[in-house]
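Just so we're aligned: the sequence shown equals residues 1 to 290 in full-length UniProt numbering.
Calculated from the structure, these hints are not laboratory results.
It is possible that part of the hints are untrue.
Think about it this way: if two alpha-carbon atoms lie no more than 25 Å apart in a straight line, the pair counts; the simulated DSS-like pairs of lysine-lysine are [what the hints assert, rightly or not]:
hint, residue 1, residue 2
1, K176, K235
2, K118, K174
3, K176, K118
4, K234, K176
5, K234, K174
6, K118, K94
7, K174, K235
Per label pair, the in silico range of CB-to-CB distance [unchecked claim]:
hint, residue 1, residue 2, range
8, I224, T177, 19 to 27 Å
9, Y99, D171, 27 to 35 Å
10, D155, P96, 36 to 44 Å
11, P96, T222, 34 to 42 Å
12, Y99, P227, 39 to 47 Å
13, S138, I193, 41 to 49 Å
14, K234, K118, 36 to 44 Å
15, R117, M140, 33 to 41 Å
16, T159, Q214, 30 to 38 Å
17, I224, T146, 18 to 26 Å
18, V243, A114, 15 to 23 Å
19, P96, T159, 41 to 49 Å
20, Q218, A115, 29 to 37 Å
All residues carry an ideal CB built from backbone N, CA and C; glycine is no exception.
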Amino acid sequence: MSPSLSGHDDESLLPQGKPDEYHCCANRQPSSTRAGWSRSRSLALGIVASLLVTGTFFSSLYFYSRKETYTCTQKTDSTHPSAANALNQLFEDKYPIQYDPVGAYIACPLDSAAAARKGGCSYDLMINGYIPDPCFDSEMHQDFTTNVELGFWADEAATQPISTAELLEGDMIKHKTAWLSNYAHWQHCMYLINGTHRAYSRMPTLFLDAYLDQPHIQHCFTVIAEPKPTLPYKKMEQPMEAVFISERRCYLRDLSPSVPENPGAVNIAITHAKVLPQLPDFVDEDDNRR
Numbered sequence: 001m002s003p004s005l006s007g008h009d010d011e012s013l014l015p016q017g018k019p020d021e022y023h024c025c026a027n028r029q030p031s032s033t034r035a036g037w038s039r040s041r042s043l044a045l046g047i048v049a050s051l052l053v054t055g056t057f058f059s060s061l062y063f064y065s066r067k068e069t070y071t072c073t074q075k076t077d078s079t080h081p082s083a084a085n086a087l088n089q090l091f092e093d094k095y096p097i098q099y100d101p102v103g104a105y106i107a108c109p110l111d112s113a114a115a116a117r118k119g120g121c122s123y124d125l126m127i128n129g130y131i132p133d134p135c136f137d138s139e140m141h142q143d144f145t146t147n148v149e150l151g152f153w154a155d156e157a158a159t160q161p162i163s164t165a166e167l168l169e170g171d172m173i174k175h176k177t178a179w180l181s182n183y184a185h186w187q188h189c190m191y192l193i194n195g196t197h198r199a200y201s202r203m204p205t206l207f208l209d210a211y212l213d214q215p216h217i218q219h220c221f222t223v224i225a226e227p228k229p230t231l232p233y234k235k236m237e238q239p240m241e242a243v244f245i246s247e248r249r250c251y252l253r254d255l256s257p258s259v260p261e262n263p264g265a266v267n268i269a270i271t272h273a274k275v276l277p278q279l280p281d282f283v284d285e286d287d288n289r290r
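Turn these sequences into a full structure, and let the hints guide you.
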């Protein structure tokens with residue numbers, strides 16, 4: 001990865017910004033015979049430059065406000081050809097591009113763990129299932145899951161523990177669900193918020209659906225506001241069950257220079273709060289699934 005303004009690679013998540021296009025001119029000392037004229041010219045040029053910069057700034061604000069007027073009312077059965085072709089070439093047609101009301105996305109085959117891995121996906125225990133490798137933050141996942149026991153059980157009564165190492169094997173057919181300890185739930189929320197921050201601070205071609213789920217993220221802020229659970233880990237007062245068989249969607253950004261017929265998921269979801277992905281595995285706190 002090459003460093004970007006956010007400290008991450010320029011190919012990673014969120015709308016890509018432009019490098020600083022304003023360059024400072026080298027100071028030049030005028031000759032003694034032209035010092036006064038040079039200062040006057042410099043002052044005039046400075047005024048003109050200031051006017052140009054100010055005009056550019058307000059023009060960019062106008063363009064940005066105009067850009068946000070696009071809505072997600074276009075067809076969802078097609079995407080901008082240049083974006084689709086570029087992504088197909090990037091993934092070598094490994095990930096079929098699909099569509100939902102949010103936009104274009106790729107997902108994992110969930111027939112088996114082997115099929116998911118063959119389909120270019122990795123198991124993310126903290127996000128609850130397989131996600132396409134382009135959306136998988138392997139570094140963060142390793143930080144959260146290496147040499148740690150999070151606390152999972154096969155039963156709601158918390159009498160049949162499942163080790164973190166066993167769940168990390170990614171057999172979502174054997175372990176379709178697991179009941180969480182208070183620590184596992186707290187860490188899940190910390191992971192989701194940390195991942196969302198990493199995603200929004202990058203400049204990607206893709207964006208994981210979980211990071212667009214604002215109700216879930218807001219719920220997690222209330223969770224991590226509480227003290228971090230300590231050993232021995234306990235079952236939750238209101239039991240919650242992680243669902244590992246759910247489909248995770250990796251939404252595609254349209255990177256073409258012009259506005260596409262279908263703006264794409266992330267461009268719209270980031271700028272229009274009312275447009276949210278369909279995420280069936282998280283229900284309100286009154287339910288028992290996270």
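Quick rundown of the hints versus the structure:
{"no.": "1", "hint": "K176 <-> K235", "verdict": "19 Å, holds"}
{"no.": "2", "hint": "K118 <-> K174", "verdict": "18 Å, holds"}
{"no.": "3", "hint": "K176 <-> K118", "verdict": "19 Å, holds"}
{"no.": "4", "hint": "K234 <-> K176", "verdict": "21 Å, holds"}
{"no.": "5", "hint": "K234 <-> K174", "verdict": "24 Å, holds"}
{"no.": "6", "hint": "K118 <-> K94", "verdict": "10 Å, holds"}
{"no.": "7", "hint": "K174 <-> K235", "verdict": "22 Å, holds"}
{"no.": "8", "hint": "I224 <-> T177: 19 to 27 Å", "verdict": "23 Å, holds"}
{"no.": "9", "hint": "Y99 <-> D171: 27 to 35 Å", "verdict": "30 Å, holds"}
{"no.": "10", "hint": "D155 <-> P96: 36 to 44 Å", "verdict": "37 Å, holds"}
{"no.": "11", "hint": "P96 <-> T222: 34 to 42 Å", "verdict": "37 Å, holds"}
{"no.": "12", "hint": "Y99 <-> P227: 39 to 47 Å", "verdict": "43 Å, holds"}
{"no.": "13", "hint": "S138 <-> I193: 41 to 49 Å", "verdict": "18 Å, violated"}
{"no.": "14", "hint": "K234 <-> K118: 36 to 44 Å", "verdict": "39 Å, holds"}
{"no.": "15", "hint": "R117 <-> M140: 33 to 41 Å", "verdict": "19 Å, violated"}
{"no.": "16", "hint": "T159 <-> Q214: 30 to 38 Å", "verdict": "36 Å, holds"}
{"no.": "17", "hint": "I224 <-> T146: 18 to 26 Å", "verdict": "20 Å, holds"}
{"no.": "18", "hint": "V243 <-> A114: 15 to 23 Å", "verdict": "20 Å, holds"}
{"no.": "19", "hint": "P96 <-> T159: 41 to 49 Å", "verdict": "42 Å, holds"}
{"no.": "20", "hint": "Q218 <-> A115: 29 to 37 Å", "verdict": "34 Å, holds"}
Checked against the numbered hints above, the structure violates hints 13 and 15; every other hint is satisfied.
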